[in-house]
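Peer 1: Read off the chains here:
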Amino acid sequence: MKHNLILRVVSKFLIPLIFLFALYVQFHGDFGPGGGFQAGVIFSAGIILYALVFGVDSAKQVIPPYVLRLLASLGVLIYAGTGVATLLLGGNYLEYGVLASSQVAGQHLGILVIELGVGITVMSVMLIMFFAFAERGRPEMNSESKSE
Amino acid sequence: MDMILGHYNYWMVIIIMMAGFYTVISRGNLVKKIVGLNIFQVSVFLLYISIGNVKEGAVPIIEKGITLYSNPLPHVLILTAIVVGVATTALGLALVIRIKEAYGSIEEDDIHNQDQSL
Amino acid sequence: MIDNIVDITLLSLLAIHAVAIIRMRSLFAVIMLFGGFSFLSAGLFVVMDAADVAFTEAAVGAGISTVLMLATLALTYAPAEIDKKEKRPTHQPWLPLSVVFITGALLIYGTWDIPAFGDPDAPAQQHVAPYYLEKSMPETGVPNVVTAVLASYRGFDTLGEVTVIFTAGIAVLLLIGGRRRVNPQIEKTGGKRET
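Residue numbers (this note's numbering), protein chains in the order written: chain L, 1 to 148; chain S, 1001 to 1118; chain R, 2001 to 2195.
No wet-lab data here; the hints were simulated from the structure.
It is possible that part of the hints are untrue.
The following label-pair restraints were derived from C-beta to C-beta distances [claimed, not checked]: (1) R:2029 - L:28: 35 to 45 angstroms; (2) R:2043 - S:1003: 47 to 57 angstroms; (3) R:2005 - S:1108: 16 to 26 angstroms; (4) S:1066 - L:74: 35 to 45 angstroms.
Backbone N, C-alpha and C define an ideal beta-carbon position, used for all residues, glycine too.
Chain L on its own, in the form it takes in the complex (with noise of 0.2 angstroms):
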């Protein structure tokens, strides 16, 4: 397709660096701006950026819709079961002193956590729901009648 080339060059080289980009924000959230949001919502938006340009079914061969919805759950296990793990070693729900040796050590290993689990929700749900957008407007393609 002559029309669709340069769209196809230009986002084959921006779209890894999109991916690094995300991850970068994900890792240096606590240094500079940045966090779990940011970065789920920007890896999101890379693979977006792929569906459209590429079609929504090869995005889907990329990430199996399955595998989103497992991710989605995955992240809130994440962040809900960092707080279990703090009460089974003793402190409050969600006290992240005491996950290592020190005080501030824990407080570190405990955001780090919490900011993977937000950013694999985000990024998930994101993509849940473009999906879901994009792939309404296809009527059923098998012939039984689906009538409500």
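Following the hints, position chains S and R against chain L.
Peer 2: The following block gives chains S and R in isolation, referenced to the frame of chain L:
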């Protein structure tokens, strides 16, 4: 003059808020109503961040040698609010799609006419 | 001084955008203007020293929101109606205009006594904010105070927020997750339900 410079932010925020409010209550198209709701939301965020701003303050990231920072608390609240706002917008748009599939139109008047004639 | 000028210019541009969104009837243009509106507000957040908030607003408002609205527009208008205009308003605007003016006037009257923009002695800057600014480095070791407050001091709020996002994702999946089921009554009449 001091009064105007000091309060200009708040007055413009109120104007934008009222513009969004007017879009919600007076236009009939459902997608435009959702856009108006989002404008209202953004103006509320601007209000909070204006309250937390400190003149000559820096971004609230601790650095050596800087003593005056902007207030970090409104930033935290608005971060949560933005993400929750996009979630509710997506849900509203999903409802608009279902309304279109059930009624055949997304203009408020058409939907009212179809409902009243049943 | 330059800060003030940039601030006032950006705010005026935002207000002009908002009025243009009210007046335009082509829905595609309205959504594009909304993307520009989000981006301008992200620039305004940077001028007001809120780096994290600007990041999130640019990514979420000008990115995800605009894409989802365009997808809705594609799903709710048949391909033949290229214009995608909203209908001409049929009601008189006097009642909404008067409600808006009264509410705006009351709000402006309420802001008369607010401390000036950027005042370091305002009540909003006392009590909790200096505590967070002083104690976040010794207690958590994280230089970004916003991340420290979000993840450590107010961790419960963030847990609730992640749950809200997850719930919204599930709800969207329930509402429009499958392929479109065609209601035969609507297909027969070509779009409008028979009365």
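Peer 1: If a hint holds in the structure, say so; if it doesn't, say that too.
Peer 2: Now the hints, each set against the structure:
Taken as a hint, the range 35 to 45 angstroms holds for the pair residue 2029 of chain R and residue 28 of chain L, whose Cβ atoms sit roughly 38 angstroms apart. Evaluation of the 47 to 57 angstroms hint for residue 2043 of chain R and residue 1003 of chain S yields a failure: the beta carbon distance comes to about 26 angstroms. Our hint of 16 to 26 angstroms for residue 2005 of chain R and residue 1108 of chain S is violated, since their Cβ atoms are close to 42 angstroms apart. Checking the proposed 35 to 45 angstroms range against residue 1066 of chain S and residue 74 of chain L shows it holds: the Cβ atoms sit about 39 angstroms from each other.
Comparing the model with each numbered hint stated earlier shows that hints 2 and 3 do not hold.
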